[in-house]
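Here is what each chain is made of, one letter per residue.
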Amino acid sequence: MSPRFGPFGRTPVEQAGIDQASKGFEAGLANGAANGIGATSGASDSHGSAIEVIEQEHPVGSQLHPSGTRFDPDALATVGDFVDVGSGEPPLEHFATEKPIPLWRQMLTVFVQNRLAVISTIVLVMIIVVCFAGPHFYHTNQTNFLQLLTNYCQNCAPGAGRPLGTDSNGFDVLGRIMYGGQSSLIVGALAGVITIFVGTGYGMVSGFIGGFLDNVLMRIIDALLSIPLLYLLITLVVIFHPSTTLIILVIGFTGWFGNARIIRGDALVIRELEYSQAASSMGGSKLHIVRRHVFPNSISNIVTVGTFSVADAILALSFLGYLGFGVPLPGTDWGTMMANGQGFLINGWWWEIFPVAAVFVAVIVCINYIGDALRDIFEVRLRQR
Amino acid sequence: MGTYLLRRLGAGIFVVLFIIVLTFSLSYLQTPHGAATPAWIACNPRDTPVCIQHYTALYGLNQSFIIRLYQYIQGLVVHFNLGYSYKQNQAVFTLLKIFIPRTLWLAVASLVLATLIAVPMGIYQAWRRNSIFDYAATGIAFILYSIPAFVLGFVLLDVFSFHIPFGTWAHLPSSPTAGINAWAIFTDPIQFVLPVVTLTALSVAGLSRFMRSSVLDVLVQDYIRTARAKGCSSSRVLFKHTMRNALGPIVTIIGLSIPALLAGALIVENTFNYSGIGVETVTAALNDDVNILLAITILVTIATIIGNLMADVGLAIINPRVRIEGAAR
Chain A
1 MSPRFGPFGR TPVEQAGIDQ ASKGFEAGLA NGAANGIGAT SGASDSHGSA IEVIEQEHPV
61 GSQLHPSGTR FDPDALATVG DFVDVGSGEP PLEHFATEKP IPLWRQMLTV FVQNRLAVIS
121 TIVLVMIIVV CFAGPHFYHT NQTNFLQLLT NYCQNCAPGA GRPLGTDSNG FDVLGRIMYG
181 GQSSLIVGAL AGVITIFVGT GYGMVSGFIG GFLDNVLMRI IDALLSIPLL YLLITLVVIF
241 HPSTTLIILV IGFTGWFGNA RIIRGDALVI RELEYSQAAS SMGGSKLHIV RRHVFPNSIS
301 NIVTVGTFSV ADAILALSFL GYLGFGVPLP GTDWGTMMAN GQGFLINGWW WEIFPVAAVF
361 VAVIVCINYI GDALRDIFEV RLRQR
Chain B
1 MGTYLLRRLG AGIFVVLFII VLTFSLSYLQ TPHGAATPAW IACNPRDTPV CIQHYTALYG
61 LNQSFIIRLY QYIQGLVVHF NLGYSYKQNQ AVFTLLKIFI PRTLWLAVAS LVLATLIAVP
121 MGIYQAWRRN SIFDYAATGI AFILYSIPAF VLGFVLLDVF SFHIPFGTWA HLPSSPTAGI
181 NAWAIFTDPI QFVLPVVTLT ALSVAGLSRF MRSSVLDVLV QDYIRTARAK GCSSSRVLFK
241 HTMRNALGPI VTIIGLSIPA LLAGALIVEN TFNYSGIGVE TVTAALNDDV NILLAITILV
301 TIATIIGNLM ADVGLAIINP RVRIEGAAR
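Protein chains in written order, with the numbering used here: chain A, 1 to 385; chain B, 1 to 329.
FYI, nobody ran anything at the bench for these hints, they're computed from the structure.
Backbone N, C-alpha and C fix where the C-beta goes; we use that ideal spot for every residue, glycine too.
Please note: incorrect hints may appear among the correct ones.
Which chain A residues stay away from chain B? Per the calculated CB distances, all over 10 Å, these [what the hints assert, rightly or not]: (1) ARG162; (2) LEU190; (3) GLY265; (4) ALA279; (5) SER318; (6) GLY324.
Label pairs and their computed distance ranges (CB to CB) [what the hints assert, rightly or not]: (7) B:THR226 <-> A:VAL269: 22 to 32 Å; (8) B:PHE133 <-> A:ASN215: 40 to 50 Å; (9) A:HIS288 <-> B:ARG228: 44 to 54 Å.
Could you build all of it, start to finish, from the sequences and the hints given here?
Following this line, the structure appears as structure tokens:
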């Protein structure tokens with residue numbers, strides 16, 4: 001799940017390719033079945049492919065909606081479905097008179113169909129709200145060591161007034177999860193954003209300009225990708241002795257290599273497509289083509305890869321924290337908390353480690369599910385028109 | 001085939017040189033936090049100006065960046081000298097040589113086990129797609145895929161060491177200085193069980209997913225339909241037609257997974273206090289011993305590149321198209 005940090009790297013290019021291939025297979029089967037039953041053979045196929053070509057040219061722009069009002073979120077449309085043989089009205093009239101469903105609603109529909117992603121979103125939002133709003137309602141001392149000494153309670157079991165007990169310093173664990181969650185989530189989000197921006201910029205330049213520059217830039221990425229990143233991260237942390245801000249920068253600027261390669265692949269393909277060439281032949285500047293064609297058409301990969309990048313950044317921070325290089329005291333992050341709790345596992349003091357581990361794993365799982373669903377919402381084929 | 005491998009080898013050497021220059025340049029940037037320069041670290045705690053001057057001159061720290069970089073590369077390439085630990089006053093290689101095989105055993109054992117489990121599992125999942133086994137395996141793989149190595153380590157530690165202590169089973173390797181043996185996997189395999197199981201479980205999660213997807217990709221190909229139409233038996237379709245084609249991508253994926261495997265080893269070693277390169281990395285990092293960290297980063301990169309090369313060779317053996325294209329280019 002995490003490209004270079006986990007035991008097994010996610011390589012979204014391969015995964016996306018494989019997913020698409022298998023989806024294509026399933027859709028093909030479904031399409032064939034629909035043709036057989038609905039006796040719309042021939043016509044539906046040709047319409048399907050024609051529409052798909054048009055769609056590809058304007059995935060973020062205006063859409064064609066031959067049967068726009070028939071909106072049934074429970075039925076998953078295949079390409080052949082919209083050729084409405086029985087209704088009697090020619091599809092073109094629908095197109096001319098009826099208001100199309102807005103793009104964001106089509107995307108939302110696809111997203112909502114993925115129940116796991118909806119549940120994940122709810123859980124993730126709840127965790128974020130609890131982490132950031134919780135401390136305003138559940139007051140605990142998370143910074144003052146002196147105050148801890150006055151009401152001495154270290155490694156206390158869960159009980160009245162402390163639902164999840166206290167840790168080895170005497171900090172309340174539930175409050176600590178919120179407090180550590182703030183830094184984990186902020187670092188993860190900001191570092192993730194950095195990886196998206198740097199990766200997108202680098203990939204766009206490499207893929208769009210192409211040629212010799214592309215070759216050089218990609219060989220550099222190859223080299224960078226063969227460094228096991230966790231080792232590089234630790235070296236950087238030791239060299240720079242980072243504050244929290246620097247940790248964000250370090251994680252952000254070491255996490256974008258894979259992203260750049262994916263975005264570059266997109267840019268390379270899109271710049272060769274007909275509409276890019278048409279824009280070029282009509283005198284569009286290179287900047288214009290990148291801004292209006294290449295970038296909007298690779299947005300699906302940027303968003304998907306970006307989502308996974310946030311999960312990876314949260315993981316990277318937890319690994320650093322676990323190894324003792326996380327946010328320093330009195331601040332904390334989830335990795336540091338788990339590292340502190342591990343020593344007391346043998347005493348049976350589960351509350352110091354398993355609650356935070358559960359929240360942490362929940363966040364990672366949720367982000368991964370949401371990322372999968374986001375990949376789907378850009379999949380034109382899954383949309384109901 | 002020869003040309004192809006030579007080209008790959010050349011690219012690998014280029015990458016190693018690139019990494020050496022990059023990591024060394026970064027270490028040159030080491031910020032003087034409380035004057036934590038290498039000479040200060042060597043003198044600490046008696047960091048008199050005389051001492052600092054002495055060590056600065058001794059290690060040539062006052063020379064220009066280019067000269068130091070040249071000397072570092074020369075030492076590395078010609079004498080296989082990985083540098084000198086100012087903190088521990090020893091050559092880095094002397095410090096590391098006992099730990100390298102230990103991490104290697106851990107990584108190789110996990111990779112082999114993971115492959116042996118994941119490949120048949122993925123094939124069976126794809127072959128019996130949407131069966132109960134497929135769903136169960138997918139669910140388990142997704143959970144394992146999402147949890148970080150140390151969390152799985154905690155759970156295994158808690159269950160198998162503290163709650164169900166099977167005699168010697170509970171004895172985790174003691175302190176890293178107490179007679180670490182590079183060949184412990186043969187003399188004392190019990191200490192390898194939990195680290196290897198953890199690392200294997202995490203690798204299986206990703207590998208089996210890829211194997212399943214890869215087999216699914218092959219199963220929709222025309223030649224599979226043709227083979228079936230000809231009247232090939234199921235097992236013949238599976239072993240002769242599907243597997244040979246589905247294994248190709250997996251060999252590449254295994255090669256690509258090596259950096260992640262080594263990063264996983266770093267975490268797992270620290271979770272189980274299994275003294276190897278990973279524990280040594282953290283110790284060196286806590287001591288500000290940048291030269292050890294540089295050496296480890298370079299070694300790990302070389303291991304990755306060798307792994308990728310081996311994967312390329314394996315792919316060329318399995319897939320004739322790679323051989324021919326590689327030679328033609």
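Now for the hints, and whether the structure bears them out:
1. ARG162: 22 Å, holds
2. LEU190: 20 Å, holds
3. GLY265: 16 Å, holds
4. ALA279: 33 Å, holds
5. SER318: 6 Å, violated
6. GLY324: The claim is violated: A:GLY324 sits with its nearest Cβ about 7 Å from chain B, within 10 Å.
7. B:THR226 <-> A:VAL269: 22 to 32 Å: 31 Å, holds
8. B:PHE133 <-> A:ASN215: 40 to 50 Å: 45 Å, holds
9. A:HIS288 <-> B:ARG228: 44 to 54 Å: Since the Cβ atoms of A:HIS288 and B:ARG228 sit about 51 Å apart, the hinted range of 44 to 54 Å holds.
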